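Trainee: Working from the sequences, and respecting the hints, build out all of it.
Chain order of the listed sequences is A and B. First residue of the first sequence: 0, per numbering that gives the first Met the number 0; consecutive thereafter. First residue of the second sequence: 0, per numbering that gives the first Met the number 0; consecutive thereafter.
Everything hinted at is true.
List of simulated lysine to any residue pairs, SDA-like, C-alpha gap at most 20 Å:
| hint | chain 1 | residue 1 | chain 2 | residue 2 |
| --- | --- | --- | --- | --- |
| 1 | B | K293 | A | F7 |
| 2 | B | K195 | A | N12 |
| 3 | B | K222 | A | F7 |
Quick caveat, the hints were computed from the structure, so don't treat them as lab data. As the structure is a computational prediction, the values presented were derived from the model and not from experiment.
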Amino acid sequence: MTSSRYVFFTNFNKRQPLKKMVRFITTVTRITAMTAQRLYS
Amino acid sequence: MNIVKYPFLFLFLLPGIFAWGQRISGVENYAINRPGVVMIRTEYSANVYVNSMKMDNKQFNALLDSIQRLDQAGGVAAEQKLDIVLREMNNNPSRFFQTTFDYIKQSEQITAIGTGFFLTGDGYVATNCHLIERDNAFIRRQFILTAFQQITDASIAALESSWATTFTEQQRSLLYNTYASVYSRLFSMILYGLKKNVYVVYRSDREDKGPGTEKKPASVVGKGQPMPGKDVAILKIDTDHEMPVLTLADSSLPRVGEQLFVYGYPGPVTNNDFLAAESAIEPTLTTGIVSAVKNSVGGWPLIQMDANINHGSSGGPVCNEKGEVVGLTTFGSLENTGGLAAGLNFAVPVAILDEYLDSAGVKPQLSKSSRLYAQGVEFFDQGHYRAALGKFQEVKKLNSTYPRLYIYIEDCKSRIKRGMDHYSGPIERVLIIVVLLLGVAALLAWRGVRLNRRRP
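Mentor: Written out as structure tokens, the structure is:
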């Protein structure tokens, strides 16, 4: 199977994630973090 | 003033007169064309709703219990524990990650950056169609991939922070695979409210503030189709000033071997962290030759060239040695490995652009300010700073924000002050013509005398 062998010279720039989302993810992960402390005990 | 030198000065100007419309140096090419080169920004915005996830603490504790049992048996080193956890998460993500009914709403913006150039003083711009119009599926994929990457990066950073550790590259790569699996198999992402705005961004200088940039919304007045279609678009911005313009070559194709000057905003330069933000609006000039003239699958011609080009250069002007635009940078070739094949790039010839200019009723025309600016640059390069200053002052009346204009004006003033001007005013020009006419008259008189002597 052959794939396309061309490329457009467009530079796609993406915005950084919003603080709100990062805060949300950090909260979700923190629940597990309490458990994760056992990794080092 | 040294009158004796004027005939010599005239001799110096002669090649310039004969070279009018002929080859110009790369420095002149840049000086004249740079002001009319613009950045095109197509800004897409949308809301991405991502199914939020939660780690299952019960399963996680069960895994840790198993590891603890192995540890008590003396089989696990402390530094191996994290690797075991991450490997298990990767092997069986559905065991550790749970879907919730919550959605994370992420407002996303993706900008497609490319290049264009002014066709007329009243704000018509040429660029590629694929910069302003990509198929929706492609844009949606970009949004989803961006959202995935951002959420994964944030999740990994949050894990590192709350687990008080720094993952190795190997661990990070394993986590990327885990999240890819989680988001592709377990969770959904929904794209909503996709919007698009096209902008033209250009350098706009002010004498009191120095270099600056202007960003204007653009409307699309004519367009073809992204490759394999005729990949050109004509935009229009509203402007109070007379914009700098590039000259289009005639519709004949350039010849193989001809030298080319390519202007663009290559991403590796635009996104380079070591460069100041205000430098982003300075286009990059690369050179090459016409490597071949090929036909597209649609049957119309394409210019192959070896100039170094990268993402962000699309739509940029490809100029010949006279400084005229012969094509628009459009696409490149890929290696079998998927990497960019350097120096095997293609431009849509200006004849294709002409078709759309005609149908949109746009007549490309060198603006008065551009003509005066080019004359000013020529005088400046010849050391006639007073004459150059006169031209630049006239440009200022038409467009006080003309790129680099205030720098030239300051340079002219400073060089005149230091006595560096090779003055060539109107009186001197008249004197040159008189000397020339006298010379011609003397030559004719001499020939007449000789002919009279030969007659019997």
